[in-house]
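A.B. asks: Residue numbers for the sequence shown follow numbering that gives the first Met the number 0, beginning at 0 and rising by one.
Treat the hints as calculated values from the structure; they're not laboratory data.
Using N, Cα and C, we set each Cβ at its ideal position, and we do this for glycine too.
Treat each hint with caution, since some may be false.
[To be verified] The list that follows gives simulated cross-link-like pairs (lysine-lysine, BS3-like), each with its CA atoms no further than 25 Å apart:
{"no.": "1", "residue 1": "K108", "residue 2": "K138"}
{"no.": "2", "residue 1": "K427", "residue 2": "K392"}
{"no.": "3", "residue 1": "K108", "residue 2": "K54"}
{"no.": "4", "residue 1": "K41", "residue 2": "K13"}
{"no.": "5", "residue 1": "K29", "residue 2": "K13"}
{"no.": "6", "residue 1": "K97", "residue 2": "K163"}
[What the hints assert, rightly or not] Pairwise CB distance ranges, derived in the manner of DEER restraints:
{"no.": "7", "residue 1": "N149", "residue 2": "K335", "range": "36 to 46 Å"}
{"no.": "8", "residue 1": "E107", "residue 2": "P426", "range": "44 to 54 Å"}
{"no.": "9", "residue 1": "L45", "residue 2": "I521", "range": "27 to 37 Å"}
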Amino acid sequence: MDNDKLIIDLNYRKQIINEQLEANAFDSYKMFDLLSETVLDKRTLLMIEIHDLYKSINHTRTMVGAARLFHSLHSPLDSIDIIHAKQESLMELEANHKLRDAVHDLIEKFSDQEKDLFKLLNVNYLPIFPYRTLKRAVKAMETLISSVENIPQPETIYLDSLVKIIKNYGKTEESRLVSKPTFRTFDGIKTRDEKHFYTPALRFRPGWLSFGAIAPSIPLILSLGAGIFGFIDYAVAKSLVLLTGGGVLLGGVYAFLLKPFIDDELAILPIRQRLISSDYFTSTIEAVACLDELLSFIAFQEGIPHDTVIPEITNQERHYFVAKDLMNPIIAKNDKNYVGNDVNLDGVGLTFITGPNSGGKTTFCKTIAQNQLLGQIGSPIVASSAQMNVADKIVYQAPAFDSLSDPEGRFGTELKRTRDIFFDVTPKSLAILDEIAEGTTMHERLPVSAAILNGFYAKVTNTILVTHNYELVEMFQEMNRGQALQVEFKDNKPTHRIIPGISRDSHAEIVVKKLGFTPEDIQQHLRKNGYI
Numbered sequence: 000m001d002n003d004k005l006i007i008d009l010n011y012r013k014q015i016i017n018e019q020l021e022a023n024a025f026d027s028y029k030m031f032d033l034l035s036e037t038v039l040d041k042r043t044l045l046m047i048e049i050h051d052l053y054k055s056i057n058h059t060r061t062m063v064g065a066a067r068l069f070h071s072l073h074s075p076l077d078s079i080d081i082i083h084a085k086q087e088s089l090m091e092l093e094a095n096h097k098l099r100d101a102v103h104d105l106i107e108k109f110s111d112q113e114k115d116l117f118k119l120l121n122v123n124y125l126p127i128f129p130y131r132t133l134k135r136a137v138k139a140m141e142t143l144i145s146s147v148e149n150i151p152q153p154e155t156i157y158l159d160s161l162v163k164i165i166k167n168y169g170k171t172e173e174s175r176l177v178s179k180p181t182f183r184t185f186d187g188i189k190t191r192d193e194k195h196f197y198t199p200a201l202r203f204r205p206g207w208l209s210f211g212a213i214a215p216s217i218p219l220i221l222s223l224g225a226g227i228f229g230f231i232d233y234a235v236a237k238s239l240v241l242l243t244g245g246g247v248l249l250g251g252v253y254a255f256l257l258k259p260f261i262d263d264e265l266a267i268l269p270i271r272q273r274l275i276s277s278d279y280f281t282s283t284i285e286a287v288a289c290l291d292e293l294l295s296f297i298a299f300q301e302g303i304p305h306d307t308v309i310p311e312i313t314n315q316e317r318h319y320f321v322a323k324d325l326m327n328p329i330i331a332k333n334d335k336n337y338v339g340n341d342v343n344l345d346g347v348g349l350t351f352i353t354g355p356n357s358g359g360k361t362t363f364c365k366t367i368a369q370n371q372l373l374g375q376i377g378s379p380i381v382a383s384s385a386q387m388n389v390a391d392k393i394v395y396q397a398p399a400f401d402s403l404s405d406p407e408g409r410f411g412t413e414l415k416r417t418r419d420i421f422f423d424v425t426p427k428s429l430a431i432l433d434e435i436a437e438g439t440t441m442h443e444r445l446p447v448s449a450a451i452l453n454g455f456y457a458k459v460t461n462t463i464l465v466t467h468n469y470e471l472v473e474m475f476q477e478m479n480r481g482q483a484l485q486v487e488f489k490d491n492k493p494t495h496r497i498i499p500g501i502s503r504d505s506h507a508e509i510v511v512k513k514l515g516f517t518p519e520d521i522q523q524h525l526r527k528n529g530y531i
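Model the full structure from these sequences, guided by the hints.
C.D. replies: Structure, rendered in structure tokens:
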């Protein structure tokens, strides 16, 4: 899909923006269903909590900005040039306060009138009262065009292109369509410049008063005037007034009942359709959304109580991810005491993470994927320093619980997912596997898992495996393949730090005790209820 027309096109298809809602006017779930898979598949996006991640970093002021931000998260960039261009523009806005304030002013003004524009685009008005909706939509675009003139010349390519798109819109026929005289013709709605002088046309006047509304009253006005000024006998004039008085009623019916419906059908809706179909208009709205997205990145960076950094991103043949004090952007936003981790996934191929449940293994993996995603949309990430390569695929496999319909059961369901991931990834991919070959015996699982991981290793895909199977990890460590990490424990409690090593103790007794399901708890329940 053409990104320049994305928001307007998606909204036209399935109204992802509902300006009538005070809160949640943009529906990320609708957009999620509409968008096609790109760098991340749908299951991976849900596993890394795409909707919560969006809410965590979303500081947009406009509905279109919110839509643009979510689209970026759903479909991150794979072009290193565009990523760098966004990063450079972000840094320019951070450094140039005058420029940033001018862009912020444009976004605020557009936000104030954005609902008026979408009321027209979504046709959320009564056809009998169309004129106010049109005029307010026109004013919203006129305000946008005037506001962009106050923005100083940006120095970075990405930011400069967004500003130019908005400025150029003011020179288009679509701009004149809503701000200059327009005409109804046999070929549709046209501006004065678009129609020829010999083209049959009726000027569209957005209001109840028109010649068609006044014309039926002209005989009455002439009769009344002739009688008052003595041009005809007063009695004759009075009779004529009575005879032509129905014209006033006829004019009123036309003006307030017929004309609004006619204008809506033959002028206002065609104007709306031309806007929706116009590359100039849709690109302008997209440019506003992209400006809002950049400001949202800055607000996210300033609002989180931890270090953030714009990562160094390259486009080499193999994926890598290195970060210091890396934190989860969803959790760390509201947790000043969040524990960060150093991560080095550079040239190791396989990374094994062992440790007990609730120790932080899954959160650690999601943190890597989420920050890779943020970096790949041009956003700052939550770390004190970071370097990464563009990922052509980011995939996350977790245990499946939807295997009832699969004749192969849980083992077959998960193996199919692993197979699909394996066939799809490349050396530039990031693959996170939360256990593999589940649903079979320990004796069978080891050789199957080893074969799968050797395959990933041969493809030099940057692969992370979360597992309780320490024998599998030991096997690969003996072959000097990959690195082994584990959850750190102190005083029988997880510190949520990930350190080198292999965890051979699942700490199951801690979980059992926490849940109140120890052998003592079981015996106490049996005695209390008279079973023993």
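A.B. asks: Does each hint fit the structure? Answer for all of them.
C.D. replies: Hint-by-hint comparison with the structure:
1. Note on K108 and K138: the hinted pairing holds, with a Cα-Cα distance of about 11 Å set against a maximum of 25 Å.
2. The suggested pairing of K427 with K392 holds, with an alpha-carbon distance near 7 Å, which does not exceed 25 Å.
3. Of the supplied pair hints, the one linking K108 and K54 holds, its CA atoms being roughly 23 Å apart against a limit of 25 Å.
4. For a cut-off of 25 Å, the pair hint linking K41 to K13 stands: about 19 Å separates their Cα positions.
5. In summary, the hint linking K29 to K13 is supported, as the alpha carbons are separated by about 8 Å, within the 25 Å threshold.
6. Note on K97 and K163: the hinted pairing holds, with a Cα-Cα distance of about 18 Å set against a maximum of 25 Å.
7. Taking the beta carbon of each, N149 and K335 are about 38 Å apart, inside 36 to 46 Å as hinted.
8. A C-beta distance of roughly 45 Å is found between E107 and P426, which places it inside the suggested range of 44 to 54 Å.
9. Here the CB-CB span from L45 to I521 is close to 36 Å, well matched to the stated 27 to 37 Å.
In summary, this structure violates none of the numbered hints.
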